[in-house]
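Novice: The residues making up each chain are set out below.
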Amino acid sequence: MVGGGGAGGGLLENANPLIYERSGERPVTAGEEDEQVPDSIDAREIFDLIRSINDPEHPLTLEELNVVEQVRVQVSDPESTVAVAFTPTIPHCSMATLIGLSIKVKLLRSLPQRFKMDVHITPGTHASEHAVNKQLADKERVAAALENTHLLEVVNQCLSARS
Amino acid sequence: MAAAAALEAVAPTGALWGLVQDFVMGQQEGPADQVAADVKSGSYTVLQVVEALGSSLENPEPRTRARGIQLLSQVLLQCHSLLLEKEVVHLILFYENRLKDHHLVIPSVLQGLRALSLCVSLPPGLAVSVLKAIFQEVHVQSLPQVDRHTVYSIITNFMRTREEGPFVEELFEVTSCYFPIDFTPPPNDPHGIQREDLILSLRAVLASTPRFAEFLLPLLIEKVDSEILSAKLDSLQTLNACCSVYGQKELKDFLPSLWASVRREVFQTASERVEAEGLAALHSLTACLSRSVLRADAEDLLDSFLSNILQDCRHHLCEPDMKLVWPSAKLLQAAAGASARACDHITSNVLPLLLEQFHKHSQSNQRRTILEMILGFLKLQQKWSCEDKDERPLSGFKDQLCSLVFMALTDPNTQLQLVGIRTLTVLGAQPGLLSSGDLELAVGHLYRLSFLEEESQSCRVAALEASGTLATLYPLAFSSHLVPKLAEELCLGESDLARGDGPTKHSQHLCCLQALSAVSTHPSLVKETLPLLLQHLCQMNKGNMAAGPNEVIAVCQSLQQVAEKCQLDPESCWYFHQTAIPCLLALAVQASMPGKEHSVLRKVLLEDEVLAAMVSVIGTATTHLSPDLAAQSVARIVPLFLDGNISFLPENSFPCRFQPFQDGSSGQRRLVALLMAFVCSLPRNVEIPQLNQLMRELLELSCCDSCPFSSTAAAKCFAGLLNKHPAGQQLDEFLQLAVDKVEAGLGSGPCRTQAFTLLLWVTKALLLRYHPLSSCLTDRLMGLLSDPELGPAAADGFSLLMSDCTDVLTRAGHAEVRIMFRQRFFTDNVPALVQGFHAAPQDVKPNYLKGLSHVLNRLPKPVLLPELPTLLSLLLEALSCPDSVVQLSTLSCLQPLLLEAPQVMSLHIDTLVTKFLNLSSSPSMAVRIAALQCMHALTRLPTPVLLPYKPQVIRALAKPLDDKKRLVRKEAVSARGEWFLLGSPGS
Chain F
1 MVGGGGAGGG LLENANPLIY ERSGERPVTA GEEDEQVPDS IDAREIFDLI RSINDPEHPL
61 TLEELNVVEQ VRVQVSDPES TVAVAFTPTI PHCSMATLIG LSIKVKLLRS LPQRFKMDVH
121 ITPGTHASEH AVNKQLADKE RVAAALENTH LLEVVNQCLS ARS
Chain R
1 MAAAAALEAV APTGALWGLV QDFVMGQQEG PADQVAADVK SGSYTVLQVV EALGSSLENP
61 EPRTRARGIQ LLSQVLLQCH SLLLEKEVVH LILFYENRLK DHHLVIPSVL QGLRALSLCV
121 SLPPGLAVSV LKAIFQEVHV QSLPQVDRHT VYSIITNFMR TREEGPFVEE LFEVTSCYFP
181 IDFTPPPNDP HGIQREDLIL SLRAVLASTP RFAEFLLPLL IEKVDSEILS AKLDSLQTLN
241 ACCSVYGQKE LKDFLPSLWA SVRREVFQTA SERVEAEGLA ALHSLTACLS RSVLRADAED
301 LLDSFLSNIL QDCRHHLCEP DMKLVWPSAK LLQAAAGASA RACDHITSNV LPLLLEQFHK
361 HSQSNQRRTI LEMILGFLKL QQKWSCEDKD ERPLSGFKDQ LCSLVFMALT DPNTQLQLVG
421 IRTLTVLGAQ PGLLSSGDLE LAVGHLYRLS FLEEESQSCR VAALEASGTL ATLYPLAFSS
481 HLVPKLAEEL CLGESDLARG DGPTKHSQHL CCLQALSAVS THPSLVKETL PLLLQHLCQM
541 NKGNMAAGPN EVIAVCQSLQ QVAEKCQLDP ESCWYFHQTA IPCLLALAVQ ASMPGKEHSV
601 LRKVLLEDEV LAAMVSVIGT ATTHLSPDLA AQSVARIVPL FLDGNISFLP ENSFPCRFQP
661 FQDGSSGQRR LVALLMAFVC SLPRNVEIPQ LNQLMRELLE LSCCDSCPFS STAAAKCFAG
721 LLNKHPAGQQ LDEFLQLAVD KVEAGLGSGP CRTQAFTLLL WVTKALLLRY HPLSSCLTDR
781 LMGLLSDPEL GPAAADGFSL LMSDCTDVLT RAGHAEVRIM FRQRFFTDNV PALVQGFHAA
841 PQDVKPNYLK GLSHVLNRLP KPVLLPELPT LLSLLLEALS CPDSVVQLST LSCLQPLLLE
901 APQVMSLHID TLVTKFLNLS SSPSMAVRIA ALQCMHALTR LPTPVLLPYK PQVIRALAKP
961 LDDKKRLVRK EAVSARGEWF LLGSPGS
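Residue numbers (full-length UniProt numbering), protein chains in the order written: chain F, 1 to 163; chain R, 1 to 987.
Everything labelled a hint here was simulated from the structure, so no lab data went into it.
Do not rely on the hints blindly, as some may be mistaken.
Derived pair list, reagent style PhoX-like, types lysine-lysine, alpha-carbon separation capped at 25 Å [claimed, not checked]:
hint	chain 1	residue 1	chain 2	residue 2
1	F	Lys116	R	Lys959
2	R	Lys950	F	Lys139
3	F	Lys139	R	Lys959
4	R	Lys542	R	Lys527
5	R	Lys964	F	Lys116
6	R	Lys100	R	Lys86
7	R	Lys970	R	Lys959
8	R	Lys132	R	Lys86
9	R	Lys950	R	Lys970
10	R	Lys527	R	Lys485
11	R	Lys40	R	Lys86
12	R	Lys398	R	Lys383
13	R	Lys970	F	Lys116
14	R	Lys398	R	Lys379
15	R	Lys330	R	Lys252
Keep in mind it's a predicted model, so treat the numbers as computed, not measured.
Sequences and hints are given; from them, build the entire structure.
Specialist: In structure tokens:
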């Protein structure tokens, strides 16, 4: 499902990218420490799940590359829905599908099953926006992609804690 | 005469012959040292040793020959300084010849040559001859490492003592062929040689002389350019080492290539170590060029080298969003940090550029990056400023820098503000740079930042810290522009509080108090801030404001911080002590008096938390007193409590006597906590007046049936004094009194809890100083674990025994605290606890588990690990204990063990998975978090052990992903994420 060159070899498509500041750890509030008060799942919590995903070709996180931003996360805990828009660094980025897949897998592994999740490209930021979105929304294709050892390997690398 | 001398010589050589036989044939090691000692003492000569060895050196069995030469070599290693030139020549010829011998003999031969290479009296030319012989006769590359190490040592020794001009290239060739070392000795290497040893020895040879430069530098450049990480690191480190012996001459032809390689590594690497080594090498190169002595006609390469660096880096500095901005800044800073000249050259080029860039970019985060770079260069200036007095390189930029910092301080972006505050501190640290006008503005900004709202906490804290640092340098600026404003603010606050205005006023009040304590870093400022704080407290007491406990505690916290800042200056320390303590005591004594007009504050002052805050002020103000000043103070304070002598208090007209130990009111008894704070913080050699009476009164109060606060304070005070009291008859008497009191109280009656508390504190006091009685008392305490009434308290008591107190029995308060007391307690008592657990009836078993949990929890993990096999079954049982304190402490014990002893833990995988998953739905949030952290730590066990559980665990961990608490979900996410990666490709 992912076209174009592999992640490992060859020249980088964007060798000196713009970098953005990492947000710090979310400060723990008194409410969060109180046993009784329920904390709902909010946009920052979703953003914290995906911001530290590694980019497949730079030693940087999706947050540092501004591929994901908290303002592009929509979540409703009571309705159990999540929508994440991500912005590829360049309009022809061949990694777009792979990045989308990593975000999707991270959410699948980290959110309660009740959530319906939608991962898509920020409108107008990628040449093949429509095609990529369609693939990411297709459950069967996502499942099939994760059966592919090579793809699963790259996704797992993106999701591993940086050493 | 001659005959007699000859006869005398026979006896020692006869002994020598015996020693040689014992070493060579008898395979004993001792004789070698004996022979060496005899040679040193002049009993016989080296020649005689050779003669005595005669037959063994010609023995047909190579092992015997090796043994013979080994003896000679060992003697030479100890006696080489005694050798005459003639002897050295003969020995070298002998050893060179022996290089042709059997391979078993070679190691000993090399040892002998190593000994000879250390001789000062080595005739010219022999070093070359030795090296030639070695490389001709022996294939060095295939020797065991220990022998190769010997060869390197021989070369190093020769290099150290002489130049081998004609052989530079040959010598370089024979050594450099090993570079970089890529051989790793096996872990069971009998000689214990590590790869690092080989690297360092080879580096010492290669970097030993500038003569190698023309051959070595190209090799290093080649290896830095290679793909292998270790080769890059080794080459950069070797380059760094070379710079300490090289000069401009050696580096000249290679500078462009060296710079290109270092730049590429820093720009492109993903490895922080390569980056760090690259920067270190650049630093050394620049330092080397800066210190080279030039001939009159030579060109100074430093300038052209730095210009090259600037040319390649400066344009990246103008792109503050780009990836290369930081590597460029780091390269420039590495070079600038090498010498004052380099620093001036780079700073004078870079600063104007960065100042201009700051104004060109309008986004806050870009400005922040630029200001952070400026800060880096300013910090480097500090390194050199003291050496160079005539011209201050920064003075030309001062106005621009100040206006830029003030812009940053008023920017809405917190991160930019923070960098601005740090930059201001660095500018202030440059002597004579800031004018009084700049300082007034700076102080104005700091004042404003000290009152920032809740969401900019980090900025407010940074501003307070900066105020403290700058106030030590410019006390006058702060006393004229900041303290008056704070005083005014405090007065306003008083009237606002009196009106009972909302929570914003309260936080303003808090900010003001914190700002006052933050600037109390100079003695002259303390003399202004302390009276303000004390006066404020008295205003509260006069009932002019509606002060609750939180306001009083806030003032006490500020006082405590001022006291902390005074500790290092003896004069301020005494000033604080004799000003603040009488005032606090007077307020407290007044509050404890029975009276009709009970103001609200009077009651507030006697509350537990408020007294605790005062305790910490008094303790902090006492620990650093000099013994004679402390003695002055103790002569007033003890009589206040024992005899009601109030004469030294600033306000001392009270309606009745102060008699906390006699029949005073319960309010008066509570003030024993303040006495405790003082006497338990005194230096050990300060004598306490009326000690005997004081100890008896404390003991009496500790077991009297009044409020628990007073009796506990008395017990703690007694224990604190006991801990510091020198061993001897008086101590034994105090102990006997205490034991009697405890036993009488524990028997039955209303004071069992108080007697137990006294027992606990006395035990702790003795445990800390390894007093022999402590084990008896610990046994008594352990016996109480099965007491139906006191059992749970006894279990919690173990936590107190093992933890550090803050008010009494502290190292800061001069208590005797042995560092290994926890380990010792563990070794002495855990077997009995375990046994007690097994023997105890079911209903009190949890007490034993809880006691044990407290002990294990406080123990350093390295001590705990070896005990694991015996304790593990108990810990696993403790996981099923319904008490959440036991669960929590057991989980926090098991978590590091999972990380550090995965093999042992693997045996219990089934139990662990089941119990952890059960606990991950415990009603206690802390237990759920700890259980999930253990689930995470489980992934460190060997993957094959875990894989059978993977589907089950992943399914089970879906549930805590929907926990109502965010902190629990966070742990569930990271644990589940790790379980997904187990055995999956790419992890």
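Novice: Each hint should be assessed against the structure and marked as holding or not.
Specialist: Evaluated hints:
1. F/Lys116 <-> R/Lys959: 16 Å, holds
2. R/Lys950 <-> F/Lys139: 23 Å, holds
3. F/Lys139 <-> R/Lys959: The hint holds at about 22 Å.
4. R/Lys542 <-> R/Lys527: 23 Å, holds
5. R/Lys964 <-> F/Lys116: 19 Å, holds
6. R/Lys100 <-> R/Lys86: Holds. R/Lys100 to R/Lys86 sits at ~23 Å (cutoff 25 Å).
7. R/Lys970 <-> R/Lys959: 13 Å, holds
8. R/Lys132 <-> R/Lys86: 21 Å, holds
9. R/Lys950 <-> R/Lys970: Holds. R/Lys950 to R/Lys970 sits at ~20 Å (cutoff 25 Å).
10. R/Lys527 <-> R/Lys485: Holds, because 16 Å separates the two Cα atoms, which is no more than 25 Å.
11. R/Lys40 <-> R/Lys86: Cα-Cα ~18 Å, so holds.
12. R/Lys398 <-> R/Lys383: 18 Å, holds
13. R/Lys970 <-> F/Lys116: 20 Å, holds
14. R/Lys398 <-> R/Lys379: 14 Å, holds
15. R/Lys330 <-> R/Lys252: Given pair R/Lys330, R/Lys252 holds - Cα atoms ~23 Å apart, limit 25 Å.
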